[in-house]
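Engineer: Turn these sequences into a full structure, and let the hints guide you.
Here the protein sequences come in this chain order: S and F.
Offset between the first sequence (1-based) and the numbering used here: plus 9.
Offset between the second sequence (1-based) and the numbering used here: plus 9.
Hints were generated in silico from the structure; no laboratory data involved.
Among the hints, a few may not be true.
[Said to hold, decoys possible] Label-pair distances were calculated between CB atoms; the ranges are:
#, chain 1, residue 1, chain 2, residue 2, range
1, F, Ser223, S, Ala135, 52 to 62 Å
2, S, Gly66, F, Leu249, 42 to 52 Å
3, F, Val89, S, Ala55, 23 to 33 Å
4, F, Asp245, S, His17, 30 to 40 Å
5, F, Pro145, S, Gly221, 50 to 60 Å
6, S, Met10, F, Asp138, 56 to 66 Å
7, F, Met10, S, Pro166, 32 to 42 Å
8, S, Ala23, F, Arg264, 20 to 30 Å
9, S, Trp31, F, Leu249, 38 to 48 Å
[Claimed, not checked] Take a look, some chain F residues computed to stay more than 12 Å from chain S by CB distance:
#, residue
10, Pro162
11, Glu279
12, Ile283
[What the hints assert, rightly or not] Covered by chain S, per the in silico footprint, the following chain F stretches (three or more residues, Cβ under 8 Å):
#, region
13, 36-47
14, 103-113
15, 150-161
16, 211-221
17, 249-258
18, 291-302
Even for Gly, the Cβ is constructed at its ideal location relative to N, Cα and C.
2 protein chains.
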Amino acid sequence: MTSPYGLHRVLEPAGVLPQQAWRLDASPGCGADEVVVDVERLNLDAASFRQLRERHGTGAALRRAVLDIVAERGKLQNPVTGSGGMLLGVVRAVGPASPLGLRVGQRIATLVSLTLTPLRITDGLAAWDGTTEQAPCAGTAVLFGRSVAAVLPADLPDELALSVLDVCGAPALTDRLVRRRAAEGRPVGSVLVLGGGGKSGSLSLAAARRAGASRVVALVPTPGEAARVQTSGLADEVVLADARDPVAVLAAVGRPVDLTVVCVDVPGCEHGAILATAEGGTVVFFSMATSFPAAALGAEGLAADVELLVGNGYVPGHAAFALELVRSEPAVRALFDHRQTAQA
Amino acid sequence: MTSPYGLHRVLEPAGVLPQQAWRLDASPGCGADEVVVDVERLNLDAASFRQLRERHGTGAALRRAVLDIVAERGKLQNPVTGSGGMLLGVVRAVGPASPLGLRVGQRIATLVSLTLTPLRITDGLAAWDGTTEQAPCAGTAVLFGRSVAAVLPADLPDELALSVLDVCGAPALTDRLVRRRAAEGRPVGSVLVLGGGGKSGSLSLAAARRAGASRVVALVPTPGEAARVQTSGLADEVVLADARDPVAVLAAVGRPVDLTVVCVDVPGCEHGAILATAEGGTVVFFSMATSFPAAALGAEGLAADVELLVGNGYVPGHAAFALELVRSEPAVRALFDHRQTAQA
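Structural biologist: See the structure below:
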């Protein structure tokens with residue numbers, strides 16, 4: 010019996026979920042509700058890649074470190090950071106009971122973390138020089154009944170599609186929250202995006218406006234980024250402040266907003282987000298650098314009656330929604346292209 | 010000019026909020042929107058007390074450690090744990106512009122953390138032997154315009170009132186969430202409380218049923234606690250499982266619920282809470298041991314479309330609501346009394 014959560018693939022310790030497991034069974038036989046993928050590329054999570062590079066440099070030592078993790082654990086979960094990444098590949102086999110709707114031969118990206126994805130590497134990562142987190146890779150991976158994968162669109166470059174899919178939860182949840190307020194008969198009003206010039210930030214700006222927000226504010230850290238977001242037209246107001254400085258954030262935003270979306274991947278943005286949000290409003294945190302106690306105690310200490318949401322990266326339809334935003338909003342695509350050029 | 014957030018009391022570093030500050034001005038002069046309190050007792054946060062005791066033992070060394078922190082920082086914020094606690098005292102002065110509605114002579118408990126409350130100690134903590142986190146204390150504390158304090162009820166023992174006030178956010182938010190679902194026309198349905206036998210847990214059970222939940226489930230870790238909750242009648246079902254074991258939690262709960270309230274103060278309860286919650290449902294985390302990445306990545310990894318809420322300890326009216334539950338629900342009071350006896 011296979012489990013939709015992949016419990017049958019857990020080798021050690023017994024009885025835990027694949028993400029908590031130390032070691033998974035990564036053999037490429039396809040269970041009844043599983044999908045097996047021929048891997049083309051691994052996309053290491055930024056935190057994991059940084060740690061591994063600082064420890065092992067680039068080249069052979071870094072390759073060896075990743076190979077050792079995968080050989081030992083049956084998945085690419087960095088034991089220091091606990092994080093993983095995603096992968097890109099081609100569907101090799103689809104079990105008769107798989108609910109994912111995939112077909113053999115489709116090129117896909119996994120939207121569940123590598124921390125829970127059974128993985129076997131067969132090429133020694135020979136084609137990876139270790140200078141970026143994008144590792145060309147031959148091998149196999151397994152998806153469960155409850156996994157999530159997106160078919161890669163034919164009309165967008167892989168790099169762009171992957172970088173959109175990586176953050177596709179943020180615009181989908183922003184869309185839902187703005188629409189929910191409208192459906193509840195509360196004024197839709199204003200949305201603030203901390204880090205509005207980034208990937209998840211620019212998508213969230215576009216999603217907020219489409220969903221009907223009447224005042225969309227982007228907060229960014231540098232004049233250069235402010236100019237780019239201003240030019241994009243994605244926000245009604247672009248303000249400049251350090252998101253870690255609550256007093257500066259409040260001053261920059263002025264009138265508090267109904268919904269604040271935190272897309273800044275640095276610690277210490279909780280209080281600014283809370284201060285900038287009106288009573289009865291909502292803050293949604295998409296940054297993995299968010300501190301749970303800082304958010305909870307911060308709101309309490311400020312006597313702020315705001316709803317604080319953990320940004321759940323899974324919203325049904327999120328991948329298609331984000332890809333459609335990039336296709337139809339040239340300004341979003343321009344910001345993504347700029348970031349990729351700047352990184353390269 | 011005084012700031013409702015207490016910015017005018019921040020000495021170092023300049024421009025941050027009192028909670029982030031290293032040092033506050035704790036002088037007992039009463040600003041226009043401030044309230045000054047004659048302190049009777051400090052209630053150290055459990056994590057802070059544990060750290061201080063492990064480091065300094067009881068008696069003079071422990072007293073000295075606390076006095077040094079307060080002398081240096083102008084507040085009782087443990088530099089190692091970052092946490093504080095609350096205090097009990099009598100209102101000495103009320104500024105003309107204070108919005109808190111307090112009167113001179115009222116006995117109050119502060120519901121904002123000691124980590125942001127200007128505090129001066131004048132008796133050397135001479136009456137505290139350091140064996141419990143309740144420290145008799147003479148001195149002064151300052152409340153800001155946006156602070157929160159509760160007048161201590163005359164009809165309940167201090168110990169009981171303090172221990173209720175300490176967790177009063179959980180039942181108030183549970184009440185709001187259950188009622189909101191009803192108002193939205195979604196079936197009110199089922200509520201699961203992880204740690205249903207504890208303080209915030211038993212209050213949340215009572216709040217859920219009052220708000221109209223038709224199936225209230227308590228999950229507890231031991232047969233003894235299960236028997237007590239069963240006897241209390243606060244839950245329709247009492248189930249036994251380790252909240253850190255997602256697979257066991259799901260098996261124990263059976264049919265997933267609409268709302269899961271996490272009141273278990275140990276790490277690792279995120280995945281069980283998510284698995285036990287139905288699609289479209291809500292999880293609210295009240296435990297400070299909650300890991301933000303574990304919650305966010307857990308939901309994503311399980312492809313769980315659930316709303317994840319950080320348990321904001323501030324909900325308007327929370328103190329009065331929780332005290333009223335204890336007064337009117339003998340079963341809740343019995344569970345509180347049992348815990349206090351068991352601790353003593």
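Engineer: If you check each hint against the structure, which ones fail?
Structural biologist: 7, 9, 11, 12, 13, 14 and 16
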